[in-house]
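**Q** Residue numbers (the numbering used here), protein chains in the order written: chain Z, 1 to 304; chain R, 1001 to 1367; chain Y, 2001 to 2239.
For the record, the hints were derived by calculation from the structure and aren't laboratory data. Please read all numbers here as calculations on a predicted model, not as lab measurements. Don't take every hint at face value.
With a straight-line cut-off of 30 Å between C-alpha atoms, the simulated DSS-like cross-links for lysine-lysine are [as the list claims (entries may be wrong)]: (1) K1002(R) x K126(Z); (2) K2047(Y) x K138(Z); (3) K1245(R) x K1066(R); (4) K2007(Y) x K2075(Y); (5) K2175(Y) x K2028(Y); (6) K69(Z) x K1199(R); (7) K20(Z) x K2075(Y); (8) K1066(R) x K1112(R); (9) K1112(R) x K150(Z); (10) K2140(Y) x K1199(R); (11) K217(Z) x K181(Z); (12) K152(Z) x K1199(R); (13) K132(Z) x K150(Z); (14) K2140(Y) x K211(Z); (15) K1019(R) x K1214(R); (16) K152(Z) x K54(Z); (17) K1278(R) x K69(Z); (18) K2109(Y) x K2028(Y); (19) K150(Z) x K120(Z); (20) K1002(R) x K132(Z); (21) K132(Z) x K1019(R); (22) K2175(Y) x K230(Z); (23) K2221(Y) x K2235(Y); (24) K1002(R) x K120(Z); (25) K138(Z) x K1002(R); (26) K20(Z) x K152(Z); (27) K2212(Y) x K2028(Y); (28) K1214(R) x K54(Z); (29) K230(Z) x K2212(Y); (30) K2212(Y) x K2007(Y); (31) K2028(Y) x K217(Z); (32) K105(Z) x K126(Z); (33) K152(Z) x K176(Z); (34) K132(Z) x K1199(R); (35) K217(Z) x K176(Z); (36) K1002(R) x K150(Z); (37) K2012(Y) x K132(Z).
Derived list of chain R stretches under chain Z, where covered just means 3 residues or more per stretch with a C-beta under 8 Å from a C-beta of chain Z [claimed, not checked]: (38) 1011-1025; (39) 1202-1209.
All residues carry an ideal CB built from backbone N, CA and C; glycine is no exception.
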Amino acid sequence: MPEIAIQHINKRFGKVQALKDINITVENGEVFGLVGPDGAGKSTMFNILTTLLKPDSGEVEVLGMDVVKDYLQIRQVIGYLPGVFSLYPDLSVQENLAFFATMYKSSILDNMSLIKPIWKQLVPFKDRPAGKLSGGMKQKLALCCALIHKPKLLFLDEPTTGVDPVSRREFWDILKDIQHKGVTVVVSTPYMDEATRCDRIALIQNGEIIKIDTPNKIISNFRGHLFTMKTDDIFGLMQLMEQFELRCNYYPYGEHFHIAFYDDVEKALPAFEEFLQQHEREHGEIKPITPNIEDCFIELIQMK
Amino acid sequence: MKELRMILYKELIHIVRDKITLFLVLAIPIMLVLLFGFTISTEIRNAQIAILDQAKDGQSASLIDKISSSGYFQIVAYPETESEIDRDFKEIDIKLALIIPPDFEHALEKDKMATLQVINDVSDLNVASILNNYLLAITHDYINEYNNMGEETGSVEIVTNMLYNPESNSVYMFVPGIITLIMIIVTALMSSITLAREKETGTMNMLLITPVKKVYVIIGKVIPYMCLSLISTIMIIVISVFVFKMPVNGSIWLLLLLCIVFMFTAASFGMMISAISKTQIDAMMVTMMGLFLPTVLLSGFLFPLDNMPMFFQVLADVFPAKWFIIAIKDVMIKGSGFFDIWKYLGILILMAIILITISLTNVDKRK
Amino acid sequence: MQSIVAKDLTKKFGDFTAVNHINFEVEKGEIFGFLGANGAGKTTAIKMMSGLLLPTSGDALIGGYSIKTESKQIKKHIGYMSQRFSLYNDLTVFENMQLFGTVYGIPPKELKQRIHDSLDHLDLLEQKNALVASIPLGWKQKLAFATAILHRPEIVFLDEPTSGVDPIVRREFWKLIYRAAAQGITIFVTTHYMDEAEYCHRISIMSDGCLKLIGTPDELKQQMGVNSIDEVFVKFVNR
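Using the sequences and the accompanying hints, generate a full structural model.
**A** Structure, rendered in structure tokens:
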């Protein structure tokens, strides 16, 4: 039995169709990522999975329980880390944790095993008001509060938004650790580069699922060919590219110029080189590079 | 139960750590009462009055003498008829007119009971009330002296007529009014704002996805602010009674019961408001416009309800403040007992039950 | 020509040194990335550079104006766009641009022309009278940028300009930024997202109030012997 089975769900807010016919299955013990830009429907999805919202149609089962009928039972076995900091800023670190522990009829000591590595980092600040912690520490505290009742499933809505790269990396390591302790993790992120941290991801855009697979498979299924080269006056080249006739995608990337060809790369690449020569463009070596999830995302959207 | 205790504890921390709000909630009621109290007790000297002496006998002459020598009053007119009194009020702006009946001496000596009539300009309620008290005191003095002269005892009854503002029959109306406002602010406003704050910061969702009973969340919010408001109320009553000699003619326990019931209704109002508002600003605006303003305008404590158009009189029935003010006046001033006011208590409790039901169904409304 | 020249720029709050003698220069038309962990002093440095905060010592020239003595001039010559606040949702596209343009003292006729050109370039002319609330997120972002450079500032400060934006829109957005840079507007980007940093011509990393690293993305990667700016950052901080 899958941990989460989502079948044909739709959700509409007024004129906006927030979710369109979503189907997702999340397996036991995996880190599943919901990857997509702001406004794609990630938070709506999370609100349905955490029983805060009902879908308009379709069925969602979390641990075999229906999110509409059995919502009270589901609430006891899931942990939730919302997208915005949702603890009491005037309560101290310890008071917050004790509060949520009591809400789950549990106590801090009962469930130390799961949160111990995180809690250890928080102990020096345990009397500080939660509102005065740094961004990374706030997230760790929120994570402790979400795990205090040993949930089987942990939902994290954009946990790394606004967190600096070092803390972000640390946070992902913590999630791996939680996964190894037997908790299934569902996480959303707008950052394509974080997708590779998940076992499987669903790419979501405008309320629709574009693709569900492992990050590696998504990258290896990239159909185009991506190249990079160094050149001066990238903007000038971009303007020039409007005259280039073959189908391609190009974009500036720091000192580099990236270009992806989709059909018949054997012809396209020499054509591009010729084009550059024609217009007397100086450039460095044109090197093939591995696409990242963002490249794949763009390709998948354009293929639709 | 452990969860409820925890929620209460958490709420207590919020209150204690928010020093500014705590200070305001506790200090403002005291300041209000002191402000009203001291304004009320300001002494007035040489108030211009008119006396219509219909008796023109020895007793009336010596009473008038006593009044004019008291220093509080300056008799500026001796009208001959009641219509002349009216004229004096309008033209020479007298504050009060005293009418001594034709048979004053006879009534006092033979019937042992005379009636004086006082007409007040109540457009300034405080002044009118103070002057009445002075006049009452002077008359009583006069009767006491008369009695002490060895004659048989007699007494004087004073009938007052309020001009321009007939509903207001006591300055002490302000105390019930302040109590009402404070309870609305502290219980309804504070609890609705703090609940809206939890929605705004997302902690409401965190609470909702825990298995904790929603009733606990609501009760946990209401009780601390009720306690805070009860403390304020008790302070107001204590100051009114001991500093300003406000009478509490009814049972003090009944008074407290009444206040607690009203607080409960106010808190339920707050809960309902926060159920329909998403942000603290919303909650504040709705409480101010939807509850505070109607309380000030339609409770009858500043503006008499009887003079209002029918629509507003009916509207006033919907807000709890009207019923509370009637009841608290009855208890404090008339000295009414439980069986006189149970109807009002019933109305307040009924309102609270309806409001709480609405907010409970709204708090975890999954759409 | 330099758009930004910081000379020993320092800010102390009591005993705490938020910005500690930083020195750097940014060329006109350069896209400059300004990175650092939370609390590294980035915000303080930017506040000083935009004329909101006086330095304790040192100085910086922004478009040739000193932040110590000419902060009024600086405010006229910089633009600002953040992911969080950018436009008023309850005003139309045109009204928003008109408002910000007027604030910067662009004469009405000129302003109308500039708004027209700018919307034309973004292909948003048809949306001119639409409420900002009703247009898609990605467009808003582009519009916010166009509004921030409407008064043709010398420098525009961008705070996480494309985080959370749809990848396609994001690439279009970067094209806009490159275009503005090519027109001579200096772009100063602050961000937590290292893939945003990769788009910059040069980047700097602040830590503990000091500017520790500065160079092109390639140079920094080589210097640290890693493949991405993300790794550069992590390696640098853990050092």
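**Q** Indicate, hint by hint, whether the structure satisfies it.
**A** Going through the hints against the structure:
1. K1002(R) x K126(Z): Holds. K1002(R) to K126(Z) sits at ~22 Å (cutoff 30 Å).
2. K2047(Y) x K138(Z): Holds - the C-alpha atoms of K138(Z) and K2047(Y) are around 25 Å apart, at most 30 Å.
3. K1245(R) x K1066(R): Holds, because 26 Å separates the two Cα atoms, which is no more than 30 Å.
4. K2007(Y) x K2075(Y): The given pair, whose Cα atoms are some 19 Å apart, holds under the 30 Å limit.
5. K2175(Y) x K2028(Y): Measuring from Cα to Cα gives roughly 18 Å; hence the hint holds.
6. K69(Z) x K1199(R): holds (24 Å)
7. K20(Z) x K2075(Y): violated (46 Å)
8. K1066(R) x K1112(R): holds (20 Å)
9. K1112(R) x K150(Z): Violated. K1112(R) to K150(Z) sits at ~87 Å, over the 30 Å cutoff.
10. K2140(Y) x K1199(R): holds (27 Å)
11. K217(Z) x K181(Z): OK: K217(Z) and K181(Z) at ~26 Å, within 30 Å.
12. K152(Z) x K1199(R): Roughly 26 Å between the alpha carbons, so the hint for K152(Z) and K1199(R) holds.
13. K132(Z) x K150(Z): holds (27 Å)
14. K2140(Y) x K211(Z): Given pair K2140(Y), K211(Z) holds - Cα atoms ~26 Å apart, limit 30 Å.
15. K1019(R) x K1214(R): With Cα atoms ~28 Å apart, K1019(R) and K1214(R) stay inside 30 Å; holds.
16. K152(Z) x K54(Z): Holds - the C-alpha atoms of K54(Z) and K152(Z) are around 21 Å apart, at most 30 Å.
17. K1278(R) x K69(Z): holds (26 Å)
18. K2109(Y) x K2028(Y): OK: K2109(Y) and K2028(Y) at ~28 Å, within 30 Å.
19. K150(Z) x K120(Z): holds (17 Å)
20. K1002(R) x K132(Z): holds (28 Å)
21. K132(Z) x K1019(R): holds (17 Å)
22. K2175(Y) x K230(Z): holds (17 Å)
23. K2221(Y) x K2235(Y): Roughly 10 Å between the alpha carbons, so the hint for K2221(Y) and K2235(Y) holds.
24. K1002(R) x K120(Z): OK: K1002(R) and K120(Z) at ~27 Å, within 30 Å.
25. K138(Z) x K1002(R): It holds: about 26 Å lies between the C-alpha atoms, which stays within 30 Å.
26. K20(Z) x K152(Z): The hint holds at about 27 Å.
27. K2212(Y) x K2028(Y): holds (22 Å)
28. K1214(R) x K54(Z): Measuring from Cα to Cα gives roughly 18 Å; hence the hint holds.
29. K230(Z) x K2212(Y): Holds, at about 26 Å.
30. K2212(Y) x K2007(Y): holds (15 Å)
31. K2028(Y) x K217(Z): violated (43 Å)
32. K105(Z) x K126(Z): OK: K105(Z) and K126(Z) at ~21 Å, within 30 Å.
33. K152(Z) x K176(Z): Holds, because 15 Å separates the two Cα atoms, which is no more than 30 Å.
34. K132(Z) x K1199(R): holds (20 Å)
35. K217(Z) x K176(Z): Status holds; Cα separation ~20 Å.
36. K1002(R) x K150(Z): holds (19 Å)
37. K2012(Y) x K132(Z): holds (21 Å)
38. 1011-1025: It holds: at least three residues are needed, and the stretch 1011-1025 of chain R offers 4 whose Cβ sits within less than 8 Å of chain Z.
39. 1202-1209: holds (count 7)
When held up to the earlier numbered hints, the structure conflicts with 7, 9, 31 and fits the remainder.
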